[in-house]
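Chemist: Protein sequences appear in the order of chains Z and A. So for the first sequence, this note's numbering puts the first residue at 5; every next one is plus one. So for the second sequence, this note's numbering puts the first residue at 70; every next one is plus one.
Please note: incorrect hints may appear among the correct ones.
With a straight-line cut-off of 30 angstroms between C-alpha atoms, the simulated DSSO-like cross-links for lysine-lysine are [claimed, not checked]:
#, chain 1, residue 1, chain 2, residue 2
1, A, K265, A, K150
2, Z, K269, A, K310
3, A, K348, A, K330
4, A, K253, Z, K269
5, A, K310, A, K330
6, Z, K272, A, K147
7, A, K446, Z, K269
According to the in silico footprint, chain A covers these stretches of chain Z (three or more CB under 8 angstroms from chain A) [claimed, not checked]:
#, segment
8, 28-34
9, 282-292
None of these hints come from the bench; they were simulated from the model. Cβ coordinates follow ideal geometry from the N, Cα and C atoms, glycine included.
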Amino acid sequence: MQLILNEEEQMVRESAQSFLTDNAGPSLLREIRDTNNPVGYSQNLWQQMIELGWPSLLIPEQYGGLGSSHVAMGQLMEQTGNNLANSPMFATAVLGVSILLEAGSEQQRAQWLPEIAMGNLTLALALDETPRPDPLNIAASVTKSTGGFILNGGKSMVVDGQIADQLIVSARSAGRPGDSGGISLFLIPRDTPGIEVSGTLMMDSRITANIQFSDVTVGKDQLIGTLDQGLVPLTAALNIANIHLSAELLGVASECLQRTVRYLKERKQFGVNIGSFQALQHRAATLWSDIELCKSTVLAALRSLDDSAGNASVIASASKVKACKVAQLATNESIQMHGGIGMTDEFDIGFFIKRARIAQMLFGDHRYHLNRYAELSGY
Amino acid sequence: MSDLMTFREDTRRWLEENCPASMRTYMPESEKCWGGRDYVFSSDDQKLWLTRMADRGWTAPTFPKTYGGGGLSKDQAKVLKEELAAITARAPLASMGTEMIGPAILEFGTEALKQQHLPGIIRGEIRWCQGYSEPNAGSDLAGLQANAEDRGDYFVINGQKVWTSYADKSDWMFCLVKTNTTAKHGGISLVLFDMKSPGVTVRPIQLISGRSPFCETFLDNVRVDKDQVVGEINNGWAIAKYLLTHEREMLGRIGNVPAEKTVAQRAVESIGTKDGHLKDSVLRAELAEWEIDFQSHQLTIERVRDETAVASVGNSSAMLKLYGTQLNQRRRELLIASEGFNAMSWSQDSEARLWLRSKGNTIEGGTSEVQLNIIAKRILGLG
Chain Z
5 MQLILNEEEQ MVRESAQSFL TDNAGPSLLR EIRDTNNPVG YSQNLWQQMI
55 ELGWPSLLIP EQYGGLGSSH VAMGQLMEQT GNNLANSPMF ATAVLGVSIL
105 LEAGSEQQRA QWLPEIAMGN LTLALALDET PRPDPLNIAA SVTKSTGGFI
155 LNGGKSMVVD GQIADQLIVS ARSAGRPGDS GGISLFLIPR DTPGIEVSGT
205 LMMDSRITAN IQFSDVTVGK DQLIGTLDQG LVPLTAALNI ANIHLSAELL
255 GVASECLQRT VRYLKERKQF GVNIGSFQAL QHRAATLWSD IELCKSTVLA
305 ALRSLDDSAG NASVIASASK VKACKVAQLA TNESIQMHGG IGMTDEFDIG
355 FFIKRARIAQ MLFGDHRYHL NRYAELSGY
Chain A
70 MSDLMTFRED TRRWLEENCP ASMRTYMPES EKCWGGRDYV FSSDDQKLWL
120 TRMADRGWTA PTFPKTYGGG GLSKDQAKVL KEELAAITAR APLASMGTEM
170 IGPAILEFGT EALKQQHLPG IIRGEIRWCQ GYSEPNAGSD LAGLQANAED
220 RGDYFVINGQ KVWTSYADKS DWMFCLVKTN TTAKHGGISL VLFDMKSPGV
270 TVRPIQLISG RSPFCETFLD NVRVDKDQVV GEINNGWAIA KYLLTHEREM
320 LGRIGNVPAE KTVAQRAVES IGTKDGHLKD SVLRAELAEW EIDFQSHQLT
370 IERVRDETAV ASVGNSSAML KLYGTQLNQR RRELLIASEG FNAMSWSQDS
420 EARLWLRSKG NTIEGGTSEV QLNIIAKRIL GLG
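With the rest of the complex left out, here is chain Z:
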């Protein structure tokens, strides 16, 4: 396995870096927050991302996509972390596309993937029902009816649930909460009668949805994959999602380090730069080292997705653990090393810790994934 970027991947990384530095960053996020932006992201930025072809990166060429690699997409995700750039890209182009690729019928793929590639369709995964994520803890359920199903239940923490054109809903077609069998996936337009969506403003200035499904009629053709067997593609897609979230967290952590080192070189106390104090040098150096380790884990995880090598669940959990731990350290340390100013809203460093904790919790924090890793490793 090559643990360096090839030319194409390097190009994606550099162009994302320069585009997002110019067009996103904490100042944009601040504007979104202070103007009570109803969707929690910049439509203008998303339009530009569409023009750059970002939503089509993971879509195979036969469906109108660029057929690029997870490593390349991971570079974009990392840069969205550096620049706190919110957009429908993660929920639609990473998570949604992965579920369609894992479980969608040929007809569903041919119908929806080109629309995503063109930027005409956004998706959201309605999965979690509890405050701490657990894909097995599903109570929302469908009953069979003539011509399809009737869906009832509630979902929370749905990323982009308030804006997505279509929802991918996990629901029980059999079994009880906690069972691994009996989960099915459905693709349902958000404006279907019986669906009620309300947004919650989160601390990262993004809006997540709580969704109620009351006797929602779902057609047979809206089932994605095999009835009762939804957990397999769902797990595969969540593995992919967690690896890409790791990339985003890596970006957040790297940016925190960079900003902190810059501050250590500027801020003077006792007549000298505070970066000349060994107590702070060692904290910064420890953080740098941890981020270097995280880089390797994330890159290897992205590569393993492209090579279909290794046990994706083990790799994804390891990657999420490392990225969560490092992002936690980086965001905490950066506030501490900034001192009082790091606690002020006026200064930007506080935006990073707010995003990090939410990305950490999404689809399982390091505790969840440590447990999963141990379980998968047989102890």
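Dock chain A against the given chain Z, drawing on the hints supplied.
Modeler: Okay, now just chain A, sitting in the frame of chain Z:
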């Protein structure tokens, strides 16, 4: 088929035919092959394996063929490493020669020095030790005082070295000495001498873990010819830093020894499981986190190596050393915790001794604090 694939197939076939079966088993520390003039091989197979690998130059795969090396490219060397790992082949030679002074001679030495020393290093015929630290020059290594007095064609060296690993078993020493007492960094030279030279005395050091490879080495009027200086006189610090980078990389790999059982397996055997989970749930989480961090470190070693082809690795070795040694300490703590009092006896091969010995990992080869200084100053530009 690409050249590299052909090389892989040829290598696999050759290893299949030439690596003795007993050399494809996990290697206890006591069966490491160090080579050297007085080395007593632990088996015929150990000797055969060293000879066969040395004949191909694969004890130093990337060294030029002219001096007996393998002449392999970086990519080929990686393939060889992978193929050796695939059959759990033992390292044919553990050597400060191939790892440390060999590369330095190759980089900085004269043609005569290369011809004199490299073949013996590659064949495992001469065992080397490193004379760096002194009683008053630890973290401040450049403050060393072993004095080399200029006598025209040769130097006469007086001083004391400490922490010279395996000085009692080595044939030659590469040694930092002071050739100009008025300058600090600019007064240091790197010299080579035979440990049988008159005036060299060695005394082993007992550690908290018991017997150790460490020694004190006393140098009383030791004569070293000037043609045994590596690089230029008074320019030894640059080479020392280059060697320290190698040493840090080497120490960064400290925990990466193939073992018969993983830490987790040993914990499961000792503690047992309930519903498939290790009975101690706190230890279970610590184990999982250690495994993830360990893999992360292994991947970083690989990534840094991959990046070296494109740019210079240099200071990253400080991070590899820092983290690798901490991981080894964490591993030893986990083993003690897993095996409880069974691990705490004072027998010769007890886990307790290995655990105690690991406390030195974050001190030797530059303390963790020195590594953090290097990262802060040279990488982050803090100062």
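Chemist: When the hints from earlier in the document are held up against this structure, which numbers fail?
Modeler: Failing hints, ascending: 1, 5, 6, 8.
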